[in-house]
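**Student:** Please take these sequences and the hints and turn them into a complete structure.
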Amino acid sequence: MNFQKIWLVLKREYLTRVKSKSFILVTALTPLAFVAFIGMVVFFSISQTEVEKQIGIQDQTGVLVEKLISLNETRYFDVSSEPVDSLRKKTIDGDLDGFIVLTDSVLSAGKSPTLVHGGSGGIAFISAIRGDIRDAVREAQLERANVSEEVRNIFESRTGLEAIKLTEEGESKDNSFVASSLGFILGLMIFLGIFFYGAWLMRSVIEEKTNRVLEVIASSVKPIELMFGKLFGVLSIALTQFVIWIVLYTGISIAAAPLAGMIMEAQMSSMPAEASEAASAFDPSVLENFIVQPSIFFFFILFFLLGFLIYSAIFAAIGAAVENEQDSQQFMLPVGLPIFAAYMLNTKVMQAPDSTLSTIVSLFPLTAPINMISRIASTSVPIWQILLSIILMILTFLGTMWLAAKVYRVGILMYGKKPSFKELAKWIKQG
Amino acid sequence: MAIIEVKNVRKHFGKTKAVNDVSFEVNKGRIFGLLGPNGAGKTTTIRMINYILSPDNGEITINGIVASPETQKAIGYMPEERGLYKKMKVFDQLMYLTQLKGMDSKKAKEAINYWLERFDASDWKDKEISELSKGMSQKIQFIATIAHDPDIYIFDEPFSGLDPINSETLKEIIIELRDSGKTILFSTHRMEQVEQMCDDICLFNQGEAVLTGNLRHIKASFGENTINLEFEGNGAFLDTLENVRINNRSTNFAEIRVLDQQNMQDILKLAMEHAEIHKFERIEPSLTEIFISTVGDDNIKKAEIK
Numbered sequence: 001m002n003f004q005k006i007w008l009v010l011k012r013e014y015l016t017r018v019k020s021k022s023f024i025l026v027t028a029l030t031p032l033a034f035v036a037f038i039g040m041v042v043f044f045s046i047s048q049t050e051v052e053k054q055i056g057i058q059d060q061t062g063v064l065v066e067k068l069i070s071l072n073e074t075r076y077f078d079v080s081s082e083p084v085d086s087l088r089k090k091t092i093d094g095d096l097d098g099f100i101v102l103t104d105s106v107l108s109a110g111k112s113p114t115l116v117h118g119g120s121g122g123i124a125f126i127s128a129i130r131g132d133i134r135d136a137v138r139e140a141q142l143e144r145a146n147v148s149e150e151v152r153n154i155f156e157s158r159t160g161l162e163a164i165k166l167t168e169e170g171e172s173k174d175n176s177f178v179a180s181s182l183g184f185i186l187g188l189m190i191f192l193g194i195f196f197y198g199a200w201l202m203r204s205v206i207e208e209k210t211n212r213v214l215e216v217i218a219s220s221v222k223p224i225e226l227m228f229g230k231l232f233g234v235l236s237i238a239l240t241q242f243v244i245w246i247v248l249y250t251g252i253s254i255a256a257a258p259l260a261g262m263i264m265e266a267q268m269s270s271m272p273a274e275a276s277e278a279a280s281a282f283d284p285s286v287l288e289n290f291i292v293q294p295s296i297f298f299f300f301i302l303f304f305l306l307g308f309l310i311y312s313a314i315f316a317a318i319g320a321a322v323e324n325e326q327d328s329q330q331f332m333l334p335v336g337l338p339i340f341a342a343y344m345l346n347t348k349v350m351q352a353p354d355s356t357l358s359t360i361v362s363l364f365p366l367t368a369p370i371n372m373i374s375r376i377a378s379t380s381v382p383i384w385q386i387l388l389s390i391i392l393m394i395l396t397f398l399g400t401m402w403l404a405a406k407v408y409r410v411g412i413l414m415y416g417k418k419p420s421f422k423e424l425a426k427w428i429k430q431g
Numbered sequence: 001m002a003i004i005e006v007k008n009v010r011k012h013f014g015k016t017k018a019v020n021d022v023s024f025e026v027n028k029g030r031i032f033g034l035l036g037p038n039g040a041g042k043t044t045t046i047r048m049i050n051y052i053l054s055p056d057n058g059e060i061t062i063n064g065i066v067a068s069p070e071t072q073k074a075i076g077y078m079p080e081e082r083g084l085y086k087k088m089k090v091f092d093q094l095m096y097l098t099q100l101k102g103m104d105s106k107k108a109k110e111a112i113n114y115w116l117e118r119f120d121a122s123d124w125k126d127k128e129i130s131e132l133s134k135g136m137s138q139k140i141q142f143i144a145t146i147a148h149d150p151d152i153y154i155f156d157e158p159f160s161g162l163d164p165i166n167s168e169t170l171k172e173i174i175i176e177l178r179d180s181g182k183t184i185l186f187s188t189h190r191m192e193q194v195e196q197m198c199d200d201i202c203l204f205n206q207g208e209a210v211l212t213g214n215l216r217h218i219k220a221s222f223g224e225n226t227i228n229l230e231f232e233g234n235g236a237f238l239d240t241l242e243n244v245r246i247n248n249r250s251t252n253f254a255e256i257r258v259l260d261q262q263n264m265q266d267i268l269k270l271a272m273e274h275a276e277i278h279k280f281e282r283i284e285p286s287l288t289e290i291f292i293s294t295v296g297d298d299n300i301k302k303a304e305i306k
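Protein chains in written order, with my numbering: chain Z, 1 to 431; chain U, 1 to 306.
To be clear, the hints were calculated from the coordinates, so they are not data collected in a lab.
Cβ coordinates follow ideal geometry from the N, Cα and C atoms, glycine included.
Just so you know, not all the hints are guaranteed correct.
To be verified - Covered stretches of chain Z, going by a simulated chain U footprint (3 or more residues, C-beta under 8 Å):
#, region
1, 8-22
2, 202-215
3, 219-225
Unchecked claim - When the alpha-carbon atoms are kept at most 25 Å apart in a straight line, the in silico SDA-like pairs for lysine to any residue are as follows:
#, chain 1, residue 1, chain 2, residue 2
4, Z, Lys11, U, Ala111
5, U, Lys86, Z, Leu25
6, U, Lys89, Z, Phe23
7, U, Lys106, U, Glu70
8, U, Lys86, Z, Tyr415
9, U, Lys107, Z, Met1
10, Z, Lys426, U, Thr16
11, U, Lys89, Z, Thr16
12, Z, Lys222, U, Thr61
13, U, Lys17, U, Gln206
14, Z, Lys19, U, Glu128
15, Z, Lys406, U, Thr16
16, Z, Lys222, U, Asp151
17, U, Lys87, Z, Gln326
18, U, Lys125, Z, Val18
19, Z, Lys21, U, Lys125
20, U, Lys89, Z, Val18
21, U, Lys171, U, Trp124
22, U, Lys73, U, Ala111
23, Z, Lys111, Z, Ala124
24, Z, Lys89, Z, Val101
25, U, Lys107, Z, Leu15
26, Z, Lys111, Z, Ala36
27, U, Lys17, Z, Met414
28, Z, Lys19, U, Ser137
29, U, Lys134, Z, Glu207
30, Z, Lys429, U, Lys17
31, U, Lys86, Z, Gln326
32, Z, Lys406, Z, Phe421
33, Z, Lys222, U, Lys107
34, U, Lys127, Z, Tyr415
35, U, Lys109, Z, Phe3
36, Z, Lys222, U, Trp124
37, Z, Lys429, Z, Ile390
38, Z, Lys429, U, Glu59
39, Z, Lys418, U, Thr16
40, U, Lys125, Z, Thr210
**Tutor:** Here you go:
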């Protein structure tokens, strides 16, 4: 193995791509999209964007409508004096968004009332109304039953659950949701990364083959050196991109909380009292949850690297075996299967990162790159499992390299009809 | 002195015997032609010399060293299917290919600039190959082959796809390279180029080297026993000749190859007895005829040629 030559191939692969417009564009736009996303989260949580719907209440109990109006005076209207027919007409004409007839049986028998509405608003809107009605009915029922103040207070109290994560470094505020979402996103990134850069490598091999420049190169470089050079070249491109993103992300996530705090403060002083009250419901320190531990990024890079090496060798071999991208489809499917399975299973891993299934798929080397990073981000994975999965991946990658190198060696000089799986097996034997 | 030595080399692909027990030597400072019909094993042999493929059996040495990454540096190779990176600038591309051959970047830069200058191609440095015409990119391909200043040049079907002017230029360059002490090996199925340029040849047929040696010697060995006969009269006497093969026979013409040591004057005497002789000439057959008669159905045995 001549490292000088591998280096030359790597350098060419890296420089020609990194200098390309598409690389610069993708690298720059992705974090911008991320910033825009964070900005939107902040924006939506401090501003009331929902247009309030108007719901008419035809109250036959005499007590509920007041309570509803006091819960939300812009949403509910007392239309008890109007007949149902005219309410229907108003709803169809759009003067009202909907109406509810509250009969006495709602209070006495606990019957569910019916919302007649114009068909807009969505699930969140309907469940908000349901919640309001529930509160109003309960309050009226308590009043009617004439229970003591004490009991009423019991009903009004809502107990929450605060979680604290205990680790060796001490207690920290638990952010399970953010952690498992992060796990999923990192798994998704590795999935996309392997596929995107794997396909990139494959195209690059096919390009050399269709350009017929391969034979010239093969007269200067061993096929295995060429394959390694290209593989690590594309890997370097991927790592460059990921490192840029991680640095940007870390910077943004650290700056996000104080920045959002500052923006809100500035905004609130110019807002009317009522609105600023609503805005203060958003706690900018929530954004601190977005700060990711450096160790997770380390594992992310490590698992992407191993996953890429396992799959990219196969992608390179496919590229060498065919002459155009269409022909590569039949080989992509079986190769893509485990990695797709890993992606699908990742939802399960996210929900229950410590289950047996999650443990198995995070150790199995073909799914581990994706599923293990999800587990690492969302739970405390025993160190032996991490090490075992790394060792298994290294062994697998040596195996796929070995096979791929054989197919690659024969494939790069083969032109004409596209090979079958049987022929590929023959190439491997030949090598 | 043999600079390339191919000894009993065999290469099979499954059941196809691409190259079967082939041996030949290429001497330093000579132009060596590898001839044969398509599929005769020329390209496979060339790839083995370039260490792109490895022989199943036998050995190939370059300057006494078994074909290896080391020997690749000494060879400049232009494959039959030419190709370059379409989306790469001419200069970067040449630097890449030349450095891959083991030349350091400073020397590579000098050499590339020299050759670009020589081919009036300096203006194309920053152009991508896809912007160049076919003739232009062929020049770049040629520079890519020679820029690392190898001792040996191997061209697989170098004249295919070239117009007559470029063909002529290439021919001149090949001869110029030979005159400056370089060794050139090229393959072709076009005989006239071989006759004009080659010092030595190796004739391939169905994976075997059926004829090897100095072109002039080979031609001479054929020429001594070939007669061109023009006559008027009944040609039936030709059928009574023994141990000859008659080519190009018509009513008043015959090309007679004498297969044994019989006296050609006897053939002339016999002819004079039966017909009026207009012309009797001893000639060297053209290489095309040697080629056809060597690989054709009435194959001359190897032993007779040597």
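**Student:** Determine for every hint whether it applies to the structure shown.
**Tutor:** Verification of the supplied hints:
no. : hint                : verdict
1   : 8-22                : holds (count 4)
2   : 202-215             : holds (count 7)
3   : 219-225             : holds (count 4)
4   : Z/Lys11 - U/Ala111  : holds, 21 Å
5   : U/Lys86 - Z/Leu25   : holds, 22 Å
6   : U/Lys89 - Z/Phe23   : holds, 18 Å
7   : U/Lys106 - U/Glu70  : holds, 21 Å
8   : U/Lys86 - Z/Tyr415  : holds, 19 Å
9   : U/Lys107 - Z/Met1   : holds, 24 Å
10  : Z/Lys426 - U/Thr16  : holds, 14 Å
11  : U/Lys89 - Z/Thr16   : holds, 10 Å
12  : Z/Lys222 - U/Thr61  : holds, 18 Å
13  : U/Lys17 - U/Gln206  : holds, 8 Å
14  : Z/Lys19 - U/Glu128  : holds, 15 Å
15  : Z/Lys406 - U/Thr16  : holds, 20 Å
16  : Z/Lys222 - U/Asp151 : holds, 21 Å
17  : U/Lys87 - Z/Gln326  : holds, 21 Å
18  : U/Lys125 - Z/Val18  : holds, 21 Å
19  : Z/Lys21 - U/Lys125  : holds, 21 Å
20  : U/Lys89 - Z/Val18   : holds, 15 Å
21  : U/Lys171 - U/Trp124 : holds, 24 Å
22  : U/Lys73 - U/Ala111  : holds, 15 Å
23  : Z/Lys111 - Z/Ala124 : holds, 22 Å
24  : Z/Lys89 - Z/Val101  : holds, 15 Å
25  : U/Lys107 - Z/Leu15  : holds, 21 Å
26  : Z/Lys111 - Z/Ala36  : violated, 46 Å
27  : U/Lys17 - Z/Met414  : holds, 17 Å
28  : Z/Lys19 - U/Ser137  : holds, 23 Å
29  : U/Lys134 - Z/Glu207 : holds, 19 Å
30  : Z/Lys429 - U/Lys17  : holds, 18 Å
31  : U/Lys86 - Z/Gln326  : holds, 20 Å
32  : Z/Lys406 - Z/Phe421 : holds, 14 Å
33  : Z/Lys222 - U/Lys107 : holds, 23 Å
34  : U/Lys127 - Z/Tyr415 : violated, 29 Å
35  : U/Lys109 - Z/Phe3   : holds, 21 Å
36  : Z/Lys222 - U/Trp124 : violated, 30 Å
37  : Z/Lys429 - Z/Ile390 : violated, 29 Å
38  : Z/Lys429 - U/Glu59  : holds, 22 Å
39  : Z/Lys418 - U/Thr16  : holds, 19 Å
40  : U/Lys125 - Z/Thr210 : holds, 23 Å
Consistency note: the structure conflicts with the earlier hints numbered 26, 34, 36, 37.
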